[in-house]
Structure formats: structure tokens, C-alpha cells
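> If you want the building blocks of each chain, they are given just below.
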Amino acid sequence: MLWIDCPWCGARPESEFRYGGEAHIARPDPATTDDAGWGDYLFMRSNPKGVHAERWMHREGCRRWFNALRDTVSNDVLTIYPMGTPRPDAPGDEAEGG
Amino acid sequence: MRFRLKEGGRIDRAQRLRFTFNGRSYEGYAGDTLASALIASGTHLTSRSFKYHRPRGILTAGAEEPSALVQLGEGARTEPNLRATQVELYDGLTAAGVNAWPSANCDLAAWTGRLAPLFPAGFYYKTFLWPASFWKSLYEPAIRRMAGLGRAPEAPDPDSYDKMNIHCDVLVVGGGPAGISAALAAGEAGARVMLVDDEATLGGALVGLRHRVDGVDGAAWAQAAAGRLAAMEEVRVLTRTTLFGYYDHNSLSAFERRTDHLGPGAPAGTSRQRLWNIKAGRVVLATGAHERPLVFADNDRPGILLASAAQRYLNQYAALPGERAVLFTNNDAAYEVAHDIVEAGGTVGAVVDCRPEPAAPLAPALKEAGVALHTGSAIAATHGTKRVRSVTVAKLDGDGGLSGEQYRIFCDSVLVSGGWNPAVHLFSQSAGKLTYEEARGIFLPGTATQALEVAGAANGSFGLAACLAEGAAIGARAAEAAGFGDGTPPPAPPVEAPEPGAITPYWLAPGLKPLGHGKAKHMVDHQDDVTAADIRLAAREGFRSVEHVKRYTTVGMGTDQGKTANVNGLAILADALGKTVPEVGFTTYRPPYTPVTFGALAGRDTGALMDPVRRTAMHVWHEAAGTVFEPVGQWHRPWWYPKRRDDKHAAVARECRAVREAAGILDASTLGKIDIKGPDATTLLDMVYTNAFSTLKVGRVRYGLMCGDDGMVFDDGTTARLGENHYLMTTTTGNAAHVLEWLEEWLQTEWPELKVYCTSVTEQWATVALAGPRARDVLAALAPEMALDAHSFPFMSVKEGVVAGVNARVFRISFTGELSFEINVPWSHGRRLWDALMEAGAEHGITPYGTEAMHVLRAERGFIIVGQETDGTTTPHDLGMDWIVSKKKADFLGKRAWNREDSRREDRKQLVGILTDDPKKVLPEGTQLVDKRGQPPIPMIGHVTSSYASPTLGRSIALALVKGGRARKGETIYAAPETGFLPCKITEPVFYDSEGAKRDG
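Protein chains in written order, with the working numbering: chain G, 1 to 98; chain S, 99 to 1099.
Simulated from the structure, these hints should not be mistaken for lab results. Just so you know, even glycine gets a beta-carbon here, dropped at the ideal spot from N, CA and C. Please note that the accuracy of each hint is not assured.
[As the list claims (entries may be wrong)] Derived DEER-like restraints, expressed as beta-carbon distance ranges: (1) N375/S x P7/G: 17 to 27 Å; (2) H24/G x K987/S: 22 to 32 Å; (3) D89/G x G821/S: 41 to 51 Å; (4) P86/G x V796/S: 36 to 46 Å.
[To be verified] Rough simulated footprint, nothing fancy, chain S against chain G, three-plus residues with beta-carbon under 8 Å: (5) 17-30; (6) 33-41; (7) 50-59; (8) 62-72.
Throw the hints in and build the complete structure from the sequences for me.
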């Protein structure tokens, strides 16, 4: 059971949250995105071993979405940050920001 | 109790307890376990082994027991596969060994042992390959009867169980010397501490030893410490509690047995067991160590047990293992066991030490007491059937083989010590990395990934003084990390105990014949009957990965998870592969540490409490009407209303006729209702629905389909525009929460600039659907001021007004094809509205109808149900609903995906109607459809999604998804072979009033 620091409600058990998959996947402009690009947007995710930027929603609490950096090896939640803000740096984070 | 000492031990001789084992009566004392009471009575044979039905006895004295598994109790309270070493004795206890019929003593299946050469590793995989159908019908049932362990109870569980959730600063796992001193140090610093131990009393190994702490007997010291802990306000001690799971972020689960040790004397009203979910700031693992057996020929006969177990039976339970013991060891520490036995007046025939020149400090004293020492020797054979009667001791040559010199030594017990394995199970569960120490042949905790430290024997510190010091230091550190104290440990008490001494790892003693030849078995895994020869065979057959060898041979896969077997098995595998132990690696430890009952895992969440039930405002009326309810999500919806004992079919037909010919009412309160408000509400709806809402006039209603951005339908419903920036959206009953989340997700993550609020109002509005040609007449009687004619109140519009004296919203929408009004009133007035409709409708033949009639009526009219006609791969076009997909809107969810090639395939499954040639045959829903009769395999071209006997049409109807189906109308296809290739025709998916003539009444 992960314990996640909801920015509004504080540390709460994982069972109160909904996982929202990888963060920072913006919906592309459908008019200018080709089929492969649309397929990438729908289905392709990075699935890294290490630091992962992902979305969570506190379903049984404030029902707000937020972003988190989680280490997929240790399951440590490293940072919580608001929707719409760029990915912050994390220790050992070699992926690109933004 | 022949083998019980006159005095000593930690049992209460004043309380005699009677019990029955394998049909025989025994006596024991309070403080005994089932195993100790049996050993005190001279009984070692408890059960038969899993595969070969070999006689098996008690190997250990604790949680790691692999073989003395018993079926406890009878009837509803019977429990299988309990470890006799952990079953506390109570008066009247009855138990039997598992896997033996009619009894362990006279086992009719023991012939399997004689067929042992036919049961090598991977036997099941190799033998029962073909034909596949035989596996299910023949092989598996036969194997399950022969192998397999105890029996699950068949009656409902009469006991109650609880779940507890708790936070603490420091959780200490294990109540031995290291755990006690950690808990004392952390508790004295003021931290909130939990100490969890799986035995009845604290003390751990001290209880089975004669070591002294702080000038007193070790067990007495532990008792005093327990008293000190109990007096600390912030400390909670749980005994008889197994910490079985270590999960992420220091979340742990423990299994407490509150009344099991009391048997029938358990107090009423106390839950039997509790599951503790613990969130700990820091964890101290003081889980101790398990002695490991030595692997030698026929090392599994009853009477052969671990040296430390014999020592514990002696010191804690005052029971000798037998008349005459032989000790077989590779280390100095085990000499203490022989010494204790001799001191207690027992007889040790010989000490067999595989090391050529051991220098155990206790050896001279034993020699003086007349114990023969055989150094550089091993037990090469054991003899006896239901009890070991003698052993053959052989001198080893320089290469580990037998030199030829042999002795036969008579004995009735063999005490075995191969060293100690730190109990790293929980550390490993916590995702900590293990390291291997060559010198002692043990796996030790390495790098931790969670906030924990390991103390004492679990950390490889086997000496008593080291355990106490390490526990205190780690306990004080853990408290400091939580903000209590300065991390200085209290001084450790003085001890009187021998140091652990030297050890030489020894993995496999040679037998009289080469391994795998002859009848002798070098048992590695006592529970799963896996031998050293099996592991070597797996290596010869090409298995390299330890995980594969585990699954192939089943080593470590029993209910004991190989606590006594894994390290030996691994070392034997490494040797067979010519690798080192760390190169071979280690299998993963997983929860639970020992088995946990389903009762504890379920707690109170059973029966009516398993899931909340949602009831509508009219529920009581439905109940009084004898309604059959259908669970839809958490809702209980009226399914049909039986009348005069009519069956489902008759009731549904009657309800359908009433709607088509007169008037019916349906409790539709469960439909999801979302109130949407804000200046950008219209923009949001235009994006989430496939059709346009910007063109919808205030007071009008529009049906919409919702798709994901993959273009697949996921919900449908009507949305009414109540004001310029105010909408009421309805969703399917089961999908209501999901749709609200869907809207919120897009608003918060992708379109945060939109100013919209979405609020669930499902439980604010009670809804009754009034349908049928007489619907207008019924409503008119209750809403005299509302203009109801088709011109004033057209189809797909909404009116607010007074109905039955209550402010109401009335929607003219229809899910049946008939003239229909959906009347919404505040939830608390739902029953009042229902009663008023029943009364006003009486003269028009009003009839309540349930979800089954609703399904039939909508299918007749060809209306889809999302989740029934769709399955997550269905587009609006597949459903023939192009009319609801906007061509003008530049963008909305789903649109882009339909330009993909796959969405435009001609042979996608499309919604069609199906009419069986025989109008009486109703196809089962899910029936596969094929093009022609013939021998399978036949390509499937689609499947039936909805199928009913239609009372209106007087025949069966069905909806189906068929590949390229729309172009095939009029063609004959066939239902799947199971239904006998029934011929059917593909039709339009509308069977009734395709022109919509009925909707205005």
C-alpha cells in the first residue's frame, strides 16, 4: 500500500486514490496529427525503471488531480506537483523535463 | 507422558489437558503445543508426506514446520494444514495428520512410496501431457485425491473476525531478545511502539534455552520485560500474532489469533482472529533465525528433528525426544543440545560431526559423560519405518565421499543441525536486497529500500549478547528518527550464554549408494517431497534459473514456503550447476509468511456487509410488492414483479403488454444524473458527446453518445438544457460514477480553462418513467396545470411544474418506444409520486415494470444498452448510429480515431437484428454466429448481444454484432454448434415501430 501525499488532504493510503497513468501526455491537435501520432498519444507509454512522472486523483477525498514523481523500483513518491506545471527534477532523474 | 521430565520446563503440571490425535487419546499440560504433547507421549509419527505418503514426524518446534501438518477440529470449525508445532493445546482438542487415509499409522496409499522411482521431478508435466481433456476429467481429480493436503470446511464459518488499522512510530517484529530490547529502547524513549510476536509469550529463542540474562533465567527476563512494556502507555504488544506481509511504504499486515488457543472455551462475543493493517514510521525486524536441516539419506523418518527443536521441547516443555538420541551436526552450537539432554538425564548415543577436526568447547564435557564423538563422519543411512530405529554412521574421505568405515548406532531420535538461516523473509518482502556470506553459508539482509533495520539473529548476529546490544541500538535509533530521544541505547544487561562458535557449511551427505540410486531419499523439501536427486535431475535436464527449478521440482512451494528447504536446495543446485550460491541467486519471498485464514482477510465484510447496498426512495414499496431485485452496481433494482405466482417469463410478458397497450411505471431513480453548470458548459458537452449541444434550445433534450479518444463508445444518455449555461446529463446506472470522473478528468487535466462545475445529483432526484399509450391520461390527473399535448410538450423536451403536489421536472423521453414521461421529484418525495401514479393510473391499468421488461421493450425498439451491445471495441458507426455523429464539429472526443484505417474496415462487427427461423427458439446471449454448418473449427462471424422472447411480436428477437452485417440483411446464418446450428436471418436491428409512430401516444 503506497502512502501518497495529496496536496489538499495530506498523506493518505493508496486505496483512496485513482491512478491516472503517465503524466505530461498532452492531447495533440487532431487536425495535424497523423495516425501513428494519434496511436502514440492513445497507447504508447514510457514505462521506465526508475523515476516516473504520473497522474493521481484523490477519488475518496478532494477528487483533485495532481502529478507525482515516483521511483518505480522503490515505489518512493519523490515529488508531488500540480497539473499543468512542468516535470520537476528528481534525484537520479535523467529523463527530459517538461 | 513417558518422555516428560518430572520437573522443569515452562508448562503447568497442575492443569492436565486431554486431547485426541489420529483417533488415540492423549494427555498433556497447559503450556504444551500439540507437537510437544505428542513428543512427551513418545509419538513422532504425525502424518504422511504429500507425494510418496512417507511416514512423517515433527521436524521443528515453530512456524517453519514443513511436515507435521494436522487437520484440527471437526465440522464447520475444522481447519486444514495447521502446524502441530504452533497449535496450542486445550482440553478436548481433536486433530489428525493430513494426507493419510485411514490414518497416518496405517496408510493405504503408502504404495506410492514404493513406486517412487516413477515420480521424478516434473512428473506431472511429463506424464499427463496428453490428451488435454484427460487432465480435467481424469488426472487432476485422481491426483487431488491422492496428493494434496487437508480438507477445507464445507459449512459456513460460525466465527467472527475483525480488521484493525493502526499507525505507530516503531514496529518491532519478533519478541525474542533482540526484539524485546529494541521495543524497550524505543518505548523508553517515548515513541509509539508495536511489538508483534507469533508465539504465546515473549522470549523467542530464550524460552527454549537455559541462557541467563541480567542474572535470571532468560525466559523469566523476557517475562519481566513484557511486564515493563505493558506498563508503557504508548507501547502495544501483540502475541500470537504473525506479521505476514511487508508491503510498500512501511505498510504491513499481521494476523492475530485471539481465541484459537482456548478451543471451545473461547468467550462468546470475542472475534476469533484479527487482521492488523499497520502503517509504521520505522520497522525493526528481529525475526530470528531458523535452524536448517542437514540433507542425508532418508533424513525424513519420524524421530529425526532439528537439534534446536529437541532443545526447545526439552527446556520449554520438559519433553525428551526419545530414549536415545544421535546428534548430527556441522557446527559447535549444536553441542549445547546434547549437553542439555545429558544434563536433564537423557541419553545421547553419539555426536556425529562432519568436520574432520571440530573444536567445540562442549566436546570434552560430552566425552566425559560417555557420549561417543564421530568426527569427519556423516550419517549415511537411517533405518526404521514409522520411527527411526538406528543410523549408519560412515567415515568421510578427504573428497567428501565415504571411506568405507561404518558403524551402526541404535537410537530412536536423530537431532540434526546444519547451521542457522536468518529469517530474512520479511526483509526480502520489503524489497530489500540479500547478500550471501560464504563462511557461514547464509543469506543476510543487505541494502534496505524501506525505513527499516534488522536486529539480532535475523541479521546474522547469533550470540545472545550481540542480539541484546543490536536490538537496543536499533530501537533507540528508530525512536530518534521518529523524534523521540537522542538515539542513545540503554545499557545492555549482562548475559550467561555460550557464543555460537564455528560452523562449516555442509549441504549434502553421501548415502550408501550414489544419489538417486536405490531406495534412499535425500529429502530437501519435507512438505513437497523434493529430494536432492530431483534437483540434480532438473539441472541435468537443462534448468538453470533457480525460479524455474523451483517450479519444476516444486521445492519451496508448499504452505511452509520452503523455510527449511530453500537454502539447502539452492546450494545443491549451485553444486550441480558448478556455480556459486550467489551466482544461482535466490527465489523471491512473497507474503504471507505463514498461511492466513480467509476469515481474517474478509473480516466483517461478509454477507450483507460485503458491499454497501443502494436503495431508491420507492424501495420499500417494491419489497412489499414481492419484487425480485436485480443488483446493478450497488443498486438493487426491481427486476420483475411476480403476480399470482407467475414465473419470470409470464411476469415480464404481462409488464411488457401493459406498457404497449396501457401504461407502465418504472423506478428509474438509479440512472446517473449529473448537474452541469457554468459559462463553458456547452463547450464541454460539445467535446464529450459525438453530437452538437450548442444547437440545443433551452427546454429541449438530446440523446448523446460518449466515446473515448480511441473512438469507442463508453456511455450514452440524454442531456437536457435547463438554462443557457445549465444542463442535466443522465448516464447509465452502472457507469454514473465513471462518467462524472471522466468529465472531471478532462476539466482538470486537459481543459482547465473551461469554467464548468459538475455535480452528481443522482440521489437528489427520484425518477419514475411513465410509459404507454395511456401515460398522458395518467399524468394529466396528477399535473392538471401542465400542458401535455404533443404540441405543447413535444418529444425530447423538458418542463418544470407541479406533479402530485410536488415540484417536478418532467422529461418527454422514451426508452420503450411508447409515449413516455420521466418524472423527477426531490428524492424524499419519490414514494409519494409513486403512490400517486399507482392510484391515478389504476383506472388505466397502470402496471409497475422492472428492468427485465425494460430490456425487452427497448430491444424490440432497437435501442442499445452500452456494455451489452458494446464492449469497448464498438464505434457509433458499428452501431449504425452515424446519425448521432456530428460532421460539423471540428473536434470532439473520438472523432480523430474514426479516420484510422481500422475504424473504416468494411468487415467490422456491426449491429444487426437476428430472427431465428424457429420463432420459439430464444438464443442464449453470447451465442457465437457462423456462416455455415459443419465440423468445427468454423470461423466465427459475430455474437448475440441481446436476446429475448418478445411478447409484443410473439416470437424471439435478438440483437447481434456481425462482421459486415449491415450489408448482409436477409441472409441466413447459423447459431454456434452448441445450439445445434439453428438457422437465423439477419435483419434490421429494430423490430417494433421503426417509424416512431408510437412515441406521441
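> Next step is simple, just say for each hint if it's right about the structure.
Against the structure, the hints come out as follows:
At about 25 Å, the CB distance of N375/S to P7/G agrees with the hint of 17 to 27 Å. Between H24/G and K987/S the C-beta distance comes to about 27 Å, which sits within the given range of 22 to 32 Å. Taking the beta carbon of each, D89/G and G821/S are about 47 Å apart, inside 41 to 51 Å as hinted. The beta-carbon spacing between P86/G and V796/S, approximately 42 Å, falls within the hinted interval of 36 to 46 Å.
Counting residues of the region 17-30 of chain G whose CB lies closer than 8 Å to any CB of chain S gives 5, so the stated coverage by that chain holds, three being the minimum. With 5 residues carrying a beta carbon less than 8 Å from a beta carbon of chain S, the region 33-41 of chain G meets the three-residue requirement, and the given coverage holds. Evaluation of the coverage hint for the region 50-59 of chain G: fulfilled, as 3 residues show C-beta separations to chain S shorter than 8 Å, against a requirement of three. Taking a C-beta to C-beta cut-off of 8 Å, the region 62-72 of chain G contributes 3 residues in contact with chain S, enough for the three needed, and the coverage statement holds.
The structure fails none of the hints (numbered hints given earlier).
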